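I would like the entire structure built from these sequences, with the hints used as guidance.
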Amino acid sequence: MARFVVTVRFPASFDAEFLALIPEHRALISRLIEENVVEAYAISASRTRGWITMNGLNADIIRAVVAQFPLYRFFEQVEVDELFVFDSTASRFPRISPN
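Under this note's numbering, the first residue of the sequence shown carries the number 51, and numbering increases by one thereafter.
It is worth saying that the hints were derived from the structure and are not from the lab. Computed from a prediction, not measured in an experiment: that's the story for all the values here. Mixed in with the good hints there might be a few duds.
Said to hold, decoys possible - Beta-carbon label-pair distances, calculated as ranges: (1) Phe136 - Arg113: 26 to 32 Å; (2) Glu67 - Ser96: 18 to 24 Å; (3) Tyr91 - Pro61: 14 to 20 Å; (4) Gln127 - Leu69: 18 to 24 Å; (5) Tyr91 - Glu126: 17 to 23 Å; (6) Ala140 - Ala109: 41 to 47 Å; (7) Ser147 - Ala62: 44 to 50 Å; (8) Ser147 - Asn108: 37 to 43 Å.
We treat Cβ as the ideally placed atom computed from N, Cα and C, and that holds for glycine.
Here's what the structure looks like:
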């Protein structure tokens, strides 16, 4: 299985319809994290961009999953890039504490 990073651009301002979909969107993201489809989900402090690290067989499958996001219709841009290297503290063994 390959790993991808998805970059999304949000609109400059959010209307009531967008805001109403956030709980449903977050619930789906949480489910996908539990299923190991999404590894990391981050939104910029300006709330204009987001980055989602995802696992899948290919970019088309990743795009199909992203298209199911409740906020998808509001995304102004979606980029999908396959990663060659992805290293993080979350993928390492926990540090041993001598306590």
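Each hint, compared with the structure:
One distance hint, 26 to 32 Å for the beta-carbon pair phenylalanine 136 and arginine 113, is violated here, with the actual separation near 19 Å. Range check, glutamate 67 to serine 96: Cβ separation about 21 Å, and the 18 to 24 Å hint holds. A hinted range of 14 to 20 Å for the beta carbons of tyrosine 91 and proline 61 is consistent with their spacing of about 19 Å. At about 20 Å, the beta-carbon gap between glutamine 127 and leucine 69 stays in the expected band of 18 to 24 Å.
As the Cβ distance of tyrosine 91 to glutamate 126 is approximately 18 Å, the hint placing it in 17 to 23 Å holds. Alanine 140 and alanine 109 have their C-beta atoms about 23 Å apart, which leaves the hinted 41 to 47 Å range violated. Separated by about 45 Å at the C-beta atoms, serine 147 and alanine 62 satisfy the suggested range of 44 to 50 Å. At roughly 41 Å, the beta carbons of serine 147 and asparagine 108 sit within the given window of 37 to 43 Å.
Against the hints set out earlier in the document, violations occur for numbers 1, 6.
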